[in-house]
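Trainee: Could you slot chain B onto chain A? The hints should help.
Protein chains: 2
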Amino acid sequence: MSIVEDVLNKVVELIEPSEDERKKLNETASLLLSLCERRFSAIHGYVSTSIEGSAAKDTWLRSKPEIDIFIHFQPIVSREVLEKIVVELGSEVIRDAGGNSRLRYAEHPYVEGFINNITVNIVGCYEVSDGNWISAVDRTPHHTRYVNSRLTPSLRRDVRLLKSFLTQTEIYGAEIRVGGFSGYLAELLILHFGGFLELLKSASRWKPPVVIDPERRVTKREALLIFAKSPLIVIDPVDKNRNVASAVTLTKLSEFILASKFFLERPSVDFFLGNAMLESMPINSLAENRNLFAIIFKIDEYIAPDVLWGELRRSAEGIKKKLSVAGFTVYNYGINESRGEVILIFELDKLCLPSVYLHRGPPVWMDDAAKFVKKHLLSSDTIAGPWIDGDRLYVLKKRKDISVDVLLRNWLAKGEVSISRQLYKLFSSSKIVVGWREVIRLLGTGEHSSFLARFLASRPLYMMGKTEF
Amino acid sequence: MSIVEDVLNKVVELIEPSEDERKKLNETASLLLSLCERRFSAIHGYVSTSIEGSAAKDTWLRSKPEIDIFIHFQPIVSREVLEKIVVELGSEVIRDAGGNSRLRYAEHPYVEGFINNITVNIVGCYEVSDGNWISAVDRTPHHTRYVNSRLTPSLRRDVRLLKSFLTQTEIYGAEIRVGGFSGYLAELLILHFGGFLELLKSASRWKPPVVIDPERRVTKREALLIFAKSPLIVIDPVDKNRNVASAVTLTKLSEFILASKFFLERPSVDFFLGNAMLESMPINSLAENRNLFAIIFKIDEYIAPDVLWGELRRSAEGIKKKLSVAGFTVYNYGINESRGEVILIFELDKLCLPSVYLHRGPPVWMDDAAKFVKKHLLSSDTIAGPWIDGDRLYVLKKRKDISVDVLLRNWLAKGEVSISRQLYKLFSSSKIVVGWREVIRLLGTGEHSSFLARFLASRPLYMMGKTEF
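Which chain is which? The protein sequence lines are A and B, in order. Mapping of the first sequence onto the numbering used here: residues 1 to 469, in sequence order. Mapping of the second sequence onto the numbering used here: residues 1 to 469, in sequence order.
It is possible that part of the hints are untrue.
Since the list can't tell identical chains apart, any single copy or any two copies may satisfy a pair.
[Said to hold, decoys possible] Straight-line distance between alpha carbons at most 25 Å, and here's what the computed PhoX-like set of lysine-lysine pairs gives:
| # | residue 1 | residue 2 |
| --- | --- | --- |
| 1 | Lys414 | Lys431 |
| 2 | Lys320 | Lys398 |
| 3 | Lys64 | Lys10 |
| 4 | Lys201 | Lys375 |
| 5 | Lys414 | Lys350 |
| 6 | Lys374 | Lys207 |
| 7 | Lys24 | Lys10 |
Rather than coming from a laboratory, the hints here were simulated on the basis of the structure.
Bound-form chain A, shown alone (with noise of 0.2 Å):
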């Protein structure tokens, strides 16, 4: 048996869900199938209840028991009545089968629950034929379907050891905070390719923008033209108007085919299982003389997580902007919430700015010139100059202003810089911790520590620890 089959049978053994966890699961399920159908069969315009998702496709991690239940309903149902009537009856189900549930939002709210460790979903789709789909998820019973019809149990071992491998590399999840490769995309990978390692074969060579169409729908140019700016076009096979894939960043897809190369070099259980090296991570000697500064705030009502990151990364993005137009160099961000607080951390190449700076004027010729020196000569802010080079006027300032944090400040109050409106206030009143000695004694511990962590190594975890690569 060669390196890799090894390290995948290990993986997979690790992985695979037991008799036992498989038993628990399905028969949580059967109870939640019933349990619904008998609160919601009386309603108007309700069709049926399925299992949905990795449970009903066995295609579920063991560390991940998961449950979707989906409860179908005629168009003639309004959406609120839907939503309505699945947020209530939804929640008593959970209560009836023993759990505790939450209210939660995607594209519209859906129930939470959780029990016996096994995480529920109760959502509300409408039954509807291939193409007339009125909620996002009125697609997931035709995925469904298509999965399961396809899946042979050497392909479910392959989508679970790839579910594994997205996780371990951070490049799972379609939800924003993420950006990565939802579990149906991983799905259709591995149906598309033949195989786990066929899938990686061929992603260790690919070349953004990639278009795959499993059912050969579209034209590679079409596709293209279609969804011009995603970087993984992948056309699904019940919607050929839909890129499964529109979700993953350029920065997760570089990040698949960059591990793709690596692992298929180097085989290694790494790629699919946690990382001891993290909790013994020197924070300190990490964080030593390093341009560091964090804006810390809590959130004070629910955002929707979609919403909340979207809105992180904008202003992640606007921050970065306005500190390289004032002459900072932003090496790198990140972002992170726990518990409702959320960090942003920069790392800059420097914290204060020169004290000094060359201002430009106009040209000597220009009718503004005379006012240009006028306003410079006897201001006491001005160091040198005015002085010529060239057709200009130059004069050095002194800038009154240096320190990262006060000129921070400065910019949200005048609002200078892009940050969403939605959360403007929290960042207006936000704390600002500057240099590193700073941020270690804030977050060096506690809540943030590992994301920290991470932050400080900025390398993929099965990078982690290596003497050799």
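Mentor: Same frame as chain A, but now just chain B:
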């Protein structure tokens, strides 16, 4: 009388030579003329001796009495012989007249002497008709005739005003060190515009490139085509293929434009005469906290000033460019030479580069990607990464050398900075002084102190010590 006329009259009183001074100059000129005729008359090919320059045109400044003696030869005399004879016999003439002589070089060697505090230049030229120029100075007698046939007493007064104005604003002199206006150019401008104020009124509205053609011998289009790189084009009345202002740099022309604007707005003798402020400039407080470094070396052999200054400028630009590429911002630099000692002073945004830098790698889909990761992952100077942003790899690297002097020495040693070949050795073995305290300690007194003060202020003398403008 207007304020302007009042100022000009005051200046004229101070710069116009007295009767006694005129008499002394004329007597010295006559003496030299007869001594030259005696010495040179026996030489084969000798034609005559003439007085040229400001003495011949009566446009010299009281502070700068100067006599140019031109020895005219027939074209049958070779340049080597002409040069040799002029140097030999010219030196004897100076000695005969009771002065000290030294050899100087422009396009060809000439003899400079000092007699009764008057600077005397003895120069050899060919007696040729218009257009048949052999050496660069053959046009000079033609220039003198052209100017003298047109100057009036009032225009002579204005030539003196202009020369004085150009001197005080540091725009006078066609040598490379200055890159400014020659005496002949000053005279032509006064003739063309009809007076000092008329010239300034025009200049205050100039936008380079500026074309002036006193005898209207070429079109503006032609002039701009032939002298494409000249910001100021003044067609020589005695040779339409020559730009009298070819030495004038864009910077100097712009300084003239700006000075014209400001003089017309607030006429003052400060635009013509000395400045006491210089001595009292608080050099320490001017330099405080500024990021200065200086390169200092002694020139160990004679280099003609135009050659030296050309090379110094090119070298300074080479250093500026290299510093910029390396990550420094060069705000300004200055060059000074005094008694064979050269200093180049630079003002930067910082004296050290950040100890960490962002290194951008290849896109992940390139074959080099794996090589890049392997190279940096285990390297001891990798601070963080590799990580991926977009489709590219990045790492944070530690910089070994960060101080500007260490970096500069390394670049010089490796030939990585564009320095003139002739000066490479001098630069390589130069003293490099870093930091404003060290610069002040070494250069704040002595030879270079007033240059340093001017560099730190970096503004025209006429702007100094103003409390309003």
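Trainee: When the structure is checked against the list of hints, which entries are broken? Sort them ascending.
Mentor: none
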